[in-house]
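Kindly produce the complete structure, drawing on both the sequences and the hints.
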Amino acid sequence: MSTIAPVNQPTQPTGPEEGPATTVIKSWKVPIILGVFTVLGFLLMVVFGRTGTSTMVLSTSSDLIQLPDVLLPTLPTGIVISILLAGITALSAWMVQTHRKVPLWLISVFAVLLLIGFLTWASADERIPVPGLLFGSLSLAVPLIFGALGGVISERVGVVNVAIEGQLLAGAFTSAIVASVTQQPLLGLLAAMVAGVLVSFVLAAFSIKYFVDQVIVGVVLNVLVTGLTGFLFSEVLAPNAATLNQPPKFERINIPLLSEIPIIGPVFFRQTLIVYIMYIAVAAVYYGIFHTKWGLRLRAVGEHPQAADTVGINVTGTRFWNVSLAGAVAGLGGAYFTLGSVGAFGKEMTAGAGFIALAAVIFGRWDPIRATLAALLFGFASNLQNVLSIIGSPVPSEFMLMLPYLVTIFAVAGLVGQSRGPAASGKPYIKS
Amino acid sequence: MKLELRGITKRFGALVANDDINLTIEEGEIHALLGENGAGKSTLMNVLYGLYRAEEGEILLDDVAQHFAGPGDAMNAGIGMVHQHFMLIPVFTVAENVMLGHEQTRVGGSLDLAAARARVREISDRFGFDVDPDALVENLPVGVQQRVEIIKALSRDAKVLVFDEPTAVLTPQETDELMNIMRQLKAAGTSIVFITHKLREVRAVADRITVIRLGKVVGDAAPTASNEELATLMVGRAVDLTVDKAPAAPGAPALVVTNLTVIDALGQILVNDVSFDVKVGEILAIAGVQGNGQTELTEALMGLQPRVVGDITLDGKSLRGHSVRQVLDAGVGFVPEDRTRDGLVGGFTIAENLMLDRSNKLPFVKRFNLQLAFLADFARDKVKEFDVRSQGIETPVGRLSGGNQQKVVLARELSRDLRLFIAAQPTRGLDVGSIEFVHERIVATRDAGTPVIVISTELDEVAALADRIMVMYRGRIVGIVPGDTPRSVLGLMMAGETPAEGAAA
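Chains as they are written, first to last, in the numbering used here: chain A, 896 to 1327; chain B, -15 to 489.
Calculated directly from the structure, the hints in this document are not laboratory data.
For clarity, every value in this text was computed on a predicted model and none was experimentally measured.
Errors might be hidden in some of the hints.
To be verified - Label pairs and their in silico Cβ distance ranges:
no.: 1; chain 1: A; residue 1: 1322; chain 2: B; residue 2: 202; range: 34 to 42 Å
no.: 2; chain 1: B; residue 1: 112; chain 2: A; residue 2: 1150; range: 53 to 61 Å
no.: 3; chain 1: B; residue 1: 350; chain 2: A; residue 2: 1003; range: 54 to 62 Å
no.: 4; chain 1: A; residue 1: 1118; chain 2: B; residue 2: 299; range: 55 to 63 Å
no.: 5; chain 1: A; residue 1: 1308; chain 2: B; residue 2: 231; range: 52 to 60 Å
Beta carbons: idealized from backbone N, C-alpha and C, even for Gly.
Shown next, in the form of structure tokens:
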């Protein structure tokens, strides 16, 4: 699919200060993918187009500032968007033909247009509550974000954390019991962190001390935690649900002023304590990794452990404690299931969130902010499925259930390309 | 600071890597530690630096016994090390690398990068290094990376600086500059331990020379000693440093490469529009500092590079775009530069490695069955012919020494009917005895009428083997010159300067 552009470099000798010469590799990947989606979009929105009017609701009833609803005629909107999509596809093809790189923002515009078109089509003669859609997206993304932060910390220090799923589930289970018994959600939160750390200890001990393959330990841990919590749930929690599995949930806290900003306020600032902790955690992990001594050493150990060792950094210790920290962060995400959203522990209630979080880590290129954005995207895909099945979209619900995972696969496989992780991630450091 | 090692003994299982080594380095002295690869020089320095724990012996600094639990202790005591494989984090900036391990922080715990930058600038100005503190290390040429290593050591006030094979990755010019830096450091009172196996460098810069062989100190020498004396001491027997070679009798061009360009996945041009030919019965040496496109060029010839434009013909037949299998079948023999990674399967036996590239047809395979009896006979033959020292053909090659491993690779490649032989870094990391052997075989291959390409970063090797020398710099050919071109001219060419007289061969 790739061809090489003719090399027309000047032949005079290059000075020693210049970087290596480069050329643009002509790749038709992007125009072809955009073309396929344009055709699919055209088929859906125009050929199988629906008539009627789609309504986008922008405000909730409790907002101080009420925004008017946006009314879109379904079929004409579909036609306009199809034309725009075709235009962007043609533009990208022209860019490739003339040896230009297709910029990421153009692909983003394409994706947003496609999304709006799809929403309009699916909501013909229905009302889509936009704040509700986004609020739900954030809720579903919270455990993913905590899990992804745990994954970023762990992988940055050089240990592949496949056990995020196990850490989430252990956090959810423990926080349910502790919060139910003590009637203190804060203690439940603490217990979730401890549970996450305990799962991490096993991962750390086997992978760092005994050099067992990190992926295998992670997978085994997930199976172990799933089995253990499932067993304890049906043997202990289910018969004593009233005393052991009825944790008090965190109350929603409205942040004054901020919560009244249209659209943004209801989505981000009418949340529970765990979500506010998450905002702080994202900022703290970002700042910590890139601007502090802790982060510098952590990254050094994950990139080149021997170099870190030769400047007197304890590689094993750094890895061990940071993998534990990663477990604590992921454990918080587990607590959100029981103390933030559902309100009780259920068997296998994380349902693969840990693996989606792992995908967010890679999609976000091991950067806490980008991983958070990736988790939000996955949360949005999940909630889109919820909202559309509620308003009764014509798409079979089985297909909608596939959506978050389809987005994950496309995002990780298609858009990431050759992203480079921490060089020593997954490699045990064996001192001779 | 005066450094003294007393009776250091370090064992790895049954192997004694350092056997009762005594060494004294006076303050402000450049002390060369000379020895072959595997003599135990690096092990000794790793003991000194706290990376290994010695079984016996002690380390004294200014007559005070030291106990290093790790490199941190050694650094705090004033020992700095410039590692052979740089201990730098490629994705960090120079300043971040220098501050790592002794970071200064500001209020709020944020890294004080400004202070680290200032420290880098201060040291780099003092020695005229010209290093940008904000450059990413992976984007710097190796010569500059080495300076970052030196800055790293000096920023911790190292009084004893250990250079472990520092010239292996440098151009001749960079080597000269490094020698000057060493002299400057010495003048500033730093004691220097200079580990090397290159005789010329030792004689150029060292105040005293200690020779190590098989883990033992075998003697001291003055810098005035001759190459032959030092080599004899190092190897333990008289060695012939030159290669016996009759003048080449080149025939018709066999391999013709025209306008070959190799591009990586990101669009970087690794080999830039090169054209050359290799004639029957000659050795073309491709010289150049590591990383100037030689590796990618050989990979393109072998069919290992996916993005190649231009033409490659061997005996009139095109090779470009052919699979590795087809290239091998066309009669190309290849010794890859990293034998343990690309040349051999460490866990396989000598016999299995000898048939690796012929696992698809007779005589080794008949109707999907390995011909084990034939293979055993073949392997015994080759082991004898190439003098592979082992406990038998069933020995896994991973257990052989570097020299014997390379002989297995050579035996495999040279046992086919070759139309072209490509040897990349054929003697890297080998002992003197094996180097002599490999060079003899390469010359013998040439004399049998096979065109030979030797890729080497060692000027000694290039000078010893080449009938013609092609120098590469940044993916281009700087020039193709006769085999007897002076080292000084080659050195300039390796830095990218076109030869003044425009000599072409």
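Flag every earlier hint the structure violates by its number, smallest first.
none
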